[in-house]
Amino acid sequence: MTETSRTIGYAPEDEEDAPEQRWAFWRSDTFKRLMRHKAFVAGALVFGIVAIVAILAPWIAPADPNKLAIRFKFRPPSWDFPFGTDNFGRDQLSRVVYGARLSLGIGLGVVILNAVFGILLGAAAGYVRKLDGPLMRLADAFMAFPSILLALGIAAALGPSSYTAVIAISVVYIPRTARIVRASVLVVREMEFVQAALACGASHYRIVRKHVLPNCMAPLIVQLSFIFAYAVLTEAVLSFLGLGAAPPTPTWGNIIAEGRTYIREAEWITLIPGIVLAATVLALNLLGDGLRDVLDPRLKVPQG
Amino acid sequence: MTAPPLVDVKGLVKHFPIYSGLMFSKQIGSVQAVDDVSFHIRAGETLGLVGESGCGKSTTGRLILKLIQPTAGSIHYDGVDLQTLDAETMRQKRRDLQIIFQDPYGSLNPRMTVEDIITEPLVIFGEKPGPALAKRARELLKTVGLASFHARRYPHEFSGGQRQRIGIARALATRPKFIVCDEAVSALDVSIQAQVINLLQDLQEELKLTYLFIAHDLGVVKHISDRVAVMYLGKIVELADKRTLYKQPRHPYTQALLSAIPVPKPRAGRNRIVLKGDVPSPINPPKGCRFHTRCPYAEPVCREVEPPRIAIGTGHEVACHLVKPGLPGPGPKAA
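Note that the protein sequences, when read in sequence, are chains W and P.
So for the first sequence, the numbering used here puts the first residue at 1; every next one is plus one.
So for the second sequence, the numbering used here puts the first residue at 1001; every next one is plus one.
Excised from the complex, chain W in its bound form (with noise of 0.2 angstroms):
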């Protein structure tokens, strides 16, 4: 093997090995273009104080959120209840905190089946010819009812709670990632680097797992950042029509629902959840706006 590289001549001299890139992500040109992103560092911070909040709920909420304390109805926003109480003196900053919990667990339940069953449909849709126009057909189906109706009439024929929540939801947004799997499926398994897998004798299982769905994670992930903002939304206007978790537990919805009654006397019990819902929706919006930035190259725009 030595005899070789004689005509080759430029067989650089070996260097020491680089030590072993651990941190690759954190170094990588994609993380700098992350952060010189303005809309996506502003979205990611909302989003994660938004989160952390909600993991660290038992230790953030000063009382139970469930405690009744009817000679603090009607309390404004002060030192002592800073979101103000409700009707029945619950504290609302508690009640918001460990509404966070449900609304972003719902939120990333339906990102997690999402992604499960968007790239299994989209997979076997795209890779699989003779699956893709039957399965399409069904998607198309799916997503000829408008999403909140759909939602709504899964919601209602398995009863109210919160798995069935993140069931209806899941339903709903399936269909638009298995449409956004297959499409970019579709565009890799054509690439020079899938036949030269099927020439060294790999499985169509392996091209698909190794090959074909690295290449698609990037509008996948994209996509999955928009869905959890829907997928909170969502649920706040499943649990606001009382379809959602039942009422004692809080969740951003339900809390809307009950303050919409005293609208008039204590607009805080409504107004500050509807604000950190907005504001949250917001910042997985700016997200996923910064992902496809920097993940899509198609869309790329040059940036001043």
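A couple of the hints might just be wrong.
[What the hints assert, rightly or not] A partial selection of chain W residues facing chain P, derived with a Cβ cut-off under 7 angstroms:
hint	residue
1	193
2	195
3	200
4	202
5	207
6	211
[Stated by the list, open to error] Take a look, some chain P residues computed to stay more than 12 angstroms from chain W by CB distance:
hint	residue
7	1008
8	1281
9	1315
None of these hints come from the bench; they were simulated from the model.
All figures in this text were calculated on a predicted structure; none of them were measured in a lab.
For glycine and all other residues, C-beta sits at the position ideal for the given N, C-alpha and C.
Dock chain P against chain W, hints included.
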């Protein structure tokens, strides 16, 4: 010269069907990409396959490796008919048959390190990741003129020529006997082309490789091939050993192709044969000789009857009505 051929292709046909309609589609025609192609390649030699874009050369290469299923015809490798093999036996055969692709950017998975890329064929054939495999990766990198520290990098960190070397290293990983070079140097700069071609020749000598070298550049093919086949619209029109083909091209298409090679002597007289028109559509190829629509010497018989490929000399075969053994044939006489 009398050893049995390593690769023997007979009557290879590939028609890609064209469908119309959204749901209940029906076939409305087919692209006749490869139509009745036969040739053989002896062990240790290089067969050049040339022709213009869309004439079916790449399809032929991929058919031989069974990356596409042929419509008809047979492919014998080392005496075994690849068509009759079951999936698993064929998979095992892939150790011996490899391919180097044209596009050094598209043929390497951007999400894998170079080490993972070039050892993938070995992992597929059951070798466990570990120090032995890493050592083999380094060995392969050295064989193609790259350094072992390149193993941990990703494809985007390399230039086109280096990527092509990585592609070659991957093709060599399973110690194959036969490699299809599908326009392996067409996407590279001329100076890098020379390096890669020299590398391919050295590897051939050292590892006793057999090549099917597909290209559209006759100059490159002349350098590396032992014999050359010229394809036009899915058919081989002329096949001869290199010297004969370049000195005495007999088919009008080959003559036109050769006359298009630039000569590095400005005042040397050239009889440039410029073909008129475009290549006809392979969906509806011309009747008779497929070249008659552009042939400067076409006669009535060319429009009606498809010319058979006949031997006119030792290993020199031409498919043209106007070429007869022993007769000078059409066109400008060889100087």
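**Asked** Are all beta-carbon distances from residue 1315(P) to chain W longer than 12 angstroms?
**Response** 29 angstroms, holds
**Item:** Status of the hint placing residue 200(W) at chain P (closest C-beta pair under 7 angstroms)
**Value:** 4 angstroms, holds
**Message:** For the restraint on residue 195(W), tell me whether the closest CB of chain P is nearer than 7 angstroms.
**Reply:** Hint holds; residue 195(W) Cβ to chain P Cβ min 6 angstroms, cut 7 angstroms.
**Message:** Would the non-interface assignment of residue 1008(P) survive a Cβ cutoff of 12 angstroms against chain W?
**Reply:** Holds, because the least Cβ-Cβ distance between residue 1008(P) and chain W comes to about 20 angstroms, which exceeds 12 angstroms.
**Prompt:** Would the stated hint for residue 207(W) survive a check requiring a Cβ distance to chain P of less than 7 angstroms?
**Reply:** 10 angstroms, violated
**Prompt:** Holds or violated: residue 193(W) as interface residue toward chain P, Cβ cutoff 7 angstroms?
**Reply:** For residue 193(W), the interface hint holds, since the closest Cβ of chain P sits about 4 angstroms away, which is under 7 angstroms.
**Message:** Let's test the interface hint: is any C-beta of chain P closer than 7 angstroms to that of residue 202(W)?
**Reply:** For residue 202(W), the interface hint holds, since the closest Cβ of chain P sits about 5 angstroms away, which is under 7 angstroms.
**Request:** Under 7 angstroms, Cβ to Cβ, is where residue 211(W) needs to be relative to chain P, so tell me if that hint holds or is violated.
**Result:** Holds, because the Cβ-Cβ distance from residue 211(W) to chain P comes to roughly 5 angstroms (cut-off 7 angstroms).
**Prompt:** Hey, does residue 1281(P) actually stay past 12 angstroms from chain W on C-beta?
**Reply:** 22 angstroms, holds
Consistency note: the structure conflicts with earlier hint 5 alone.
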